[in-house]
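Undergrad: My request is simple: use the sequences and hints to build the entire structure.
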Amino acid sequence: MIAFIQENLIQNNAWYSILQGLLVTIQITAAALVLGTLLAVPVCMLRISHKRVLAVPAQAFIAFIRGTPVLMLLMLFYYVVFQSVRIDAVFIAIIAFSLNVSGNVAEIMRSAILSVSKPQLDSARALGLSRFAIFSYVLLPQASIVAMPVYKSAVINLLQWTCVVGYISITDLTRAINYMSTRTLEPFFMLFIGIMFYLGLSYLIYGLFAWIEKRKFGASHRYYRRNTK
Amino acid sequence: MITIRNVSKAFGGKTVFENISARFAKNERIAIIGQSGVGKSVFLRCLNGLERPDSGEVRIAGDRLFGSRREHMRAISHTGMVFQQFNLFSHLNVIDNIALALIKTRHTSKAEAFAFSEILLGKVGLPDKRFAYPSELSGGQQQRIGIARALALNPDVLLFDEPTSALDPSMKEEVLSVIADIALQNKLLIIVTHELQFAHDYTDRILFFDENGVYEEGPTKQMLQSPKREKTIKFLSAY
Ligand SMILES: Nc1ncnc2c1ncn2[C@@H]1O[C@H](COP(=O)(O)OP(=O)(O)OP(=O)(O)O)[C@@H](O)[C@H]1O
Ligand SMILES: [Mg+2]
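Chains A and B, in that order, give the protein sequences.
In terms of this note's numbering, the first sequence opens at residue 403 and continues consecutively.
In terms of this note's numbering, the second sequence opens at residue 19 and continues consecutively.
The hints are simulated quantities; they were obtained by calculation from the structure and are not laboratory data.
A short, non-exhaustive set of chain B residues, derived as facing chain A with CB atoms under 8 Å:
#	residue
1	L68
2	M91
3	M99
4	F101
5	Q103
6	N105
7	F107
8	H109
9	N111
10	D114
11	K122
12	F132
Under the rule of at most 25 Å between Cα atoms (straight-line distance), these lysine to aspartate or glutamate pairs were calculated in the DMTMM-like manner:
#	chain 1	residue 1	chain 2	residue 2
13	A	K616	B	E154
14	A	K618	B	E136
15	B	K249	B	E213
Bear in mind the structure is a predicted one, so any value in this text is a computation, not a measurement.
Cβ coordinates follow ideal geometry from the N, Cα and C atoms, glycine included.
TA: The structure is reproduced here in structure tokens:
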């Protein structure tokens, strides 16, 4: 067993290639998640606007992004948009995946915001809360409770879909594993390692969300923890 | 305290009421009664800006609703509302429900806001429910928290929209007794209700609504004992 690992992972520096691939996967996933989510905010705001000139383009953008396989977007950027520009393929992947995330997450945000019931907002208005306060302390928290589980699936999906970046010659985790499978002629072992890494990342994400979803809203928790001893 | 001049409201061309004018004085207690669907809730919601009248104006302590933004917010700040379905903030525990507006609109310190909220919790008889969430409370308990929340900003006007209609009889009593306390506190209290006994015991004046608006009004005793107009007589004889 030890000899086997020694031979297939260590002697040929396979572990190094795999780790490199893992880092690329994490890099693309994290960057696309952050950029895509940031971009989703204005897209969602335009989409829920009552002005048609704002809502319709946003709706078209969302429909286009959600209707297009992310691999197509990826190839579109790689072979067409940035064809004559020399930039890093990883950068292109981040752009394509960010757009993909923004369309999906804008829709997640929209349905979460619409799910907040009118009576809850009536209560807030009747108390004389400002629009900003209603948004920050009632609408957003309640929408986030609805959005979190769906957002979590979107993140896991993103992680898994980044495995197609091999198509534009990026060596991510999947491609590194594929490469090592052919080199070592131990595909089962290599795939096992690859799957373990994806599973590990997924569990990390689940853990992170479990922690976020456990958070409580309102000022009382911290206040009473501090002042009752 | 509240002056209503020629207020009309329609939804999608369908008139709810037209040209209602009324005055409610500082420590009057008003009951609004009438058949279901005649616009009692809509009228009440016009008194704190939840609905915008199509025409006419509502002034609270001189400040006009839907005047300038500042005037509007000042007008609202005189009022508190209790809803039929309680409408507690589902993501906040009881003490945060009560303290939220104090902290966010009056910029009261947390220490003061929570201390005052605890006093209110005592007043509505739920001192040990500070950290409970609305979903963990019975309807009657939720409504008592709803009342405490409406009292947090110490408003001069309290609006109740059928506060006990969603409760079974045993819980009605506990909520009505809390409202009865408030009725003795020199506030303007306006309550839409089907509890005629409560109206009889604790209000000064009754407005009877029909599909066109205020159909008949008068002092409580007189309205209940000798209503003058046909629909009022028919409505009251059913009780
Ligand atoms: N937001 C709204 N949009 C359209 N129509 C509405 C709206 N709110 C109320 N209405 C209509 O206005 C009319 C009056 O409704 P309202 O809720 O004020 O009746 P109500 O007297 O309070 O009845 P109930 O005793 O059942 O509460 C009803 O016909 C109702 O359908
Ligand atoms: Mg009603």
